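Chains as they are written, first to last, in my numbering: chain X, 1 to 817; chain C, 818 to 1302.
Keep in mind the hints are simulated off the structure, nothing from the lab. Careful, some of the hints might be misleading.
Stated by the list, open to error - Between beta-carbon pairs, the in silico distance windows are:
id	chain 1	residue 1	chain 2	residue 2	range
1	C	S895	X	S176	32 to 42 Å
2	C	N905	X	S18	46 to 56 Å
3	X	S35	C	N900	47 to 57 Å
Said to hold, decoys possible - Calculated lysine-lysine pairs in the DSS-like style (CA-CA distance at most 25 Å, straight line):
id	chain 1	residue 1	chain 2	residue 2
4	C	K867	X	K280
5	X	K202	C	K982
6	C	K825	C	K867
7	C	K1178	X	K163
8	X	K360	C	K1159
9	X	K372	C	K1159
10	C	K875	X	K280
11	X	K202	C	K826
12	C	K825	X	K202
13	C	K867	C	K943
14	X	K341	C	K883
It should be emphasised that the depicted structure is a prediction, and the values quoted were computed from it without experimental measurement. A virtual CB, placed ideally from N, CA and C, is assigned to each residue, including glycine.
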Amino acid sequence: MAANMYRVGDCVYFETSSTSPYQIRRIEELNKTPSGNVEAKVMCFYRRRDLPNPLIQLADKHQLAQSEDSPIAMKLKKICLKTPVGEEQAAQAVLDPALAAMEEESSELPGTDGLAPKQRHQAKHRELFLSRHVETLPATHIRGKCTVTLLNETESLLSYLNKDDAFFYCLVFDPSQKTLLADKGEIRVGSRYQTEVTNLLKDGEEDVRVNEELETLVWTPEHGLTDRQIDQFLVVSRSVGTFARALDCSSSVKQPSLHMSAAAASRDITLFHAMDTLHKSGYSIESALSSLVPASGPVLCRDEMEEWSASEANLFEEALDKYGKDFADIRQDFLPWKTLKNLVEYYYMWKTTDRYVQQKRVKAVEAESKLKQVYIPNYNKPNPALITSNSSSGKTAPAVLNGGTNGTAGVAPGQLCASCQVTNSTQWYTWGPQHLQYRLCGTCWQYWKKYGGLKVKTAGVFGETEVEVAKGPRGEGEDTALSVSHRPHRCTVLNCAKEFKLRAHLARHVATAHGSGEGARPVMKTRAAFYLRASPFTRLARRLTRALRRPRHYARSPFSPINLQQVKHECSIAMAGLGGAELRAAGAAGAGAARVRGPVGAVAARLAAARGTPVPAARHDWLTLTPKDAMPAPPHVAFPKPPKAPDGSLMYERVLSRAEIEARRAEAAPAQPLKRRAYDDINGLDRGGPGRSSLEGAAPPPAKRPNKHPAPMQRPSREQYAAMCARAQATGQPLPAHVFTHVNGKPTNISGRGGRRHVISWMDAPDDLYFRATETAKAARRNLSCGELRRGARAPWRAMRGGACKAAAPLQLVILD
Amino acid sequence: MAMQPHSKKRVCYYYDSDIGNYYYGQGHPMKPHRIRMTHNLLLNYGLYRKMEIYRPHKATADEMTKFHSDDYIRFLRSIRPDNMSEYNKQMQRFNVGEDCPVFDGLYEFCQLSAGGSVAAAVKLNKQASEICINWGGGLHHAKKSEASGFCYVNDIVLGILELLKYHQRVLYIDIDVHHGDGVEEAFYTTDRVMTVSFHKYGEYFPGTGDLRDIGAGKGKYYAVNIPLRDGMDDESYESIFVPIISKVMETFQPSAVVLQCGADSLTGDRLGCFNLTVRGHGRCVELVKRFGLPFLLVGGGGYTIRNVSRCWTYETSVALGVEIANELPYNDYFEYFGPDFKLHISPSNMSNQNTPEYLEKIKNRLFENLRMLPHAPGVQVQAIPEDAVNDESEDEDKVDKDERMPQSEKDKRITGDGELSDSEDEGEGGRRDNRSYRTPQPRKRPRLDKDGSTIKDEIKSEDSKDDVKNISSVEEPKKEMAPNP
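Build out the structure end to end from the sequences listed, making use of the hints.
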């Protein structure tokens, strides 16, 4: 029961996709929706696999620096991650010589010393990155609790590995900016921060401070009175107060009954006054009594509660309703004759009254939608990835069903658990891309879901690379990916020609060895890029291998993994029987012109022939296209054309963009009360973080790059758009780019010419290599037809038509860096 | 752990009846009203009449600039809600605006809070009291020229500076759920003040307080940080508080203690995330009080105000050594304490992320640091002639009660009351009392010298457990204070 009770503040697993690992979130709020469902507002933790590669490297370096006490490490501690560090900076930072030096010593997490490689591998699955990103998920997707704690240097990672569902974090990741930050404050040192410490007084030196100047005695326990006597005096002072209220006209109106007067006279103010009186009269009951009843009549002490008239109280409540607890405004607009202190004092007393309690009850009902905890029963539905006995291929004998002994004989490699290589398991889950038919045993599946990795680092098997490749080009993924040419980075300076593995290394070399002479070098770096140069072998493999039969599919999803082993295997089989000439022919086959298939009628005839149906001699009339005007008209138009605007354009109903829908939803939802949460306190970094709610399953990773387009975010209204079009037509100018970006939320192009000018942000420009068009090049370009230009762009290595290019020589290639 | 009967101490309590009426602003969790609620509870519990009650003076700018920078205090004095717009730049510079809003009477509020702590420190210096309480103080985040975390003027630093006139070493303990960064920073480079803070660490305000932050320069190893995780309960809190504090007392040997009693470490706090009860929180006060050193108690955080006033009321009773009923007495704010109207609160069922192993590791690391302390910090710089005088009884009589106590008298109090090891010696030479515990040499640290050889072993867990036992078994020092006028 307690295990399934989830409270605000708990860290939990969320299942947003059946095949991917759980997401780890911390519950910030639990809200009941009007439909009765419970939504959890959660804060996101990210796994290592969710972070870009440079940041991961940086995080490891940071860890290393933290764990060591060498001077270099101390220096790093100072510079490292005090401010958010982004991807580009991270890539450079990891190349810092000091860091590189440390890298040689070790490249693992701290505290890993003495850990087996397997444990080291698993420890990486336990590292999370805190973020201040908040999202909303349905509470029913919770799949269990876990703990996430800040790693303390005294702890060994083993203590996490030995505990189930235990994670740690060290750094804070900002998913929108892609930055890392060490969440650590700093005690500053310097005369601007420390105090001057007072010296101990020398012997005989007098302290100038005198208590009498610093304080006023209000009460002393050395009074010689017994507790009983004080109590008695308090009772007397209350009775005097009651009597005074009886004499006072205004009080007798407010407190018509004796009980009420007595209650009013028993408030703390009377007691405090009585104590003061006792003190002032030197703790003599006698003289204190007489000062309670001076010549002017019995003493009457009234606090704000009593002082205020009924109408003032009403005004106050009205004002509170209107302004909330902004007492300055309340005073100004409602009760100018009261002081602010009066108001505050009254407010805190008013809170004890019935009227407040009633209000509170109303609030409590409202607050009911805010839950403190929620019960989510264990999730028992089978995962779609579970291989049920029916669907599992005939290879698994039916006998396996009730016996625990899985037939070990003749188990294909694919039937092993991809992680732990066991062949025995009561449950199997398909894992990885379908065509590979990988499967995981029950325990490894659980491990994968919880920790986002496989228990063992499987080098050759596609297993781990799926993780890597899925995130785009990363270290290993890049190296192993088929036919990505790995060209070394060569220094371009004359007589140098040194080669470097990484471009950044080259950059450093150029800067140090040759002096950074380029003046126009941008401060920031463009993104790294690579191009694919298909070797003849690669091209051949594409023809031969079944796995690569769907080139279009792979072209469209460049990140979906390709099983290299399989490709190599198939290739070697296929190539075994071919001679060199045949190979060359096979490789060249694809390079030729596209096959001419002929008209559709001929194709149909061919297909029919292939299926054994007689080939009709004459052309069937069903094969001829119906002329447009002869087409049957539908009985009613499902999507009638919208009305026409005066300028002839169609007037479409405005379709709300997602942002707008969300904005509208946010408006409808009651404004969240300004509640300070614990994490609010941190540096105020999370202020204004948009509470992005993504209700539909998986939290979409934030846009890789925030919209840098300078265009206004406001979408033009239908009318504005029409007006803009009209103006553009009249003046013959193209429309501003942002107009098109916002039509139906999608970029559109009105026509081939004069359409949106596509400007690539220079940061998105491929690599640091670009072509600078000279006047001649531009002139030459103008001679090319649109189609030729496109062709050229798509196949940049191909010579352009005739000598158009030669005229533009020498090419102006500019290499940055 | 058996509770020792409370001992009676002379307690001074500082309160200004205006303090409850300062209002940080709508929705702001800091509510000075909690101090007034505490005060009313004290009156109705009958604790009021057992203490010396003082209305503190308003600290002057001169007093506050003993620590704070002149321009910062000048700014605090001149800023008002109605002239805020003229001070935009300065507000940013001094971090006034969001967490630390400008409210009506801000400067007076700071004056009262600081005035209370300074007056209390002077009181302790004059030995006119053994325990001073200022619930209006404890604003531990305030920096030299910067407001932070609802704190503008650091009354604690001002109080400690005052104590340093008479005390070679002052210990500051912070049991607020937040790190006491303002105090730690102020004394980061001195060995005369040791700051010990128990706080939630990790993704939490103010972000400082790492185990590795240990002080700098001369003050290295004089800042002690105990980073904790969510859900600390009474038991685990005591399990770390007791050994650390006893070890600190033993190695640092302070002659005065300041305890910041931030009540946001209580269960159910609006901003906190610990799971302490009033009893567990008050236990810290009790433990520190047992050392019998001049003791300044200040308030601090605490944002579920009904529990804050419960806590501070209870802690006042602990300081006084008076048992109070669990049934809350009727008072002006009685309705705040519904539905149970009891003094004590129960912990929630939240999970405690601080495993015993974690606490043990933290503790051992801190012990290692504490072992780096020189045995007599600062003693070589300070020439204290009185130390050579051994004949104490005479001295004691000669002392003019209106004068400040001579160093020898203070030293007696320091070592005598702070010693925990009395019970260890009971077997052989009989129990040591205030006359026999001192070694004849003119040393400040007889015990450390004697036990110096055993210190190396103390990292063992058994030893630390012994420490726990020590505290609980030691009886209150019987020694009477020199009577004061």
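Practice task
Take a quick look at whether K825 of chain C and K867 of chain C sit within 25 Å of each other, Cα to Cα.
Solution key: holds (10 Å)
Exercise for the section: Take the C-alpha atoms of K825 of chain C and K202 of chain X, compute the straight-line distance between them, and say whether it is at most 25 Å. Expected result: Violated, because 32 Å separates the two Cα atoms, which is more than 25 Å.
Practice task
Please work out if K341 of chain X and K883 of chain C have their alpha carbons no farther apart than 25 Å.
Solution key: Cα-Cα ~30 Å, so violated.
Problem - Proposed proximity, K982 of chain C with K202 of chain X (alpha carbon, max 25 Å) - result: holds (9 Å)
Handout entry: Distance restraint hint 46 to 56 Å, applied to the beta-carbon atoms of N905 of chain C and S18 of chain X
Key = holds (54 Å)
Problem - 25 Å limit on alpha-carbon distance, applied to hinted pair K1178 of chain C and K163 of chain X - result: holds (17 Å)
Practice task
With respect to the beta-carbon atoms only, verify the hint that S895 of chain C and S176 of chain X lie 32 to 42 Å apart.
Solution key: holds (40 Å)
Handout entry: Outcome for the supplied range 47 to 57 Å, where the beta carbon pair is S35 of chain X and N900 of chain C
Key = This hint holds: roughly 51 Å between Cβ atoms.
Practice task
Would you check the hint for K202 of chain X and K826 of chain C, treating anything up to 25 Å between C-alpha atoms as holding?
Solution key: This hinted pair is violated, its Cα atoms lying about 29 Å apart.
Practice task
Given the hint that K372 of chain X pairs with K1159 of chain C, test it: the Cα-Cα distance must not exceed 25 Å.
Solution key: Distance ~23 Å between K372 of chain X and K1159 of chain C Cα, so the pair holds.
Practice task
Measure nothing beyond the straight line between the CA atoms of K875 of chain C and K280 of chain X; if it is 25 Å or shorter, mark the hint as holding.
Solution key: Roughly 22 Å between the alpha carbons, so the hint for K875 of chain C and K280 of chain X holds.
Handout entry: 25 Å Cα cutoff - pair K867 of chain C, K943 of chain C
Key = holds (20 Å)
Violated hints, in rising order: 11, 12 and 14; the structure is consistent with all others.
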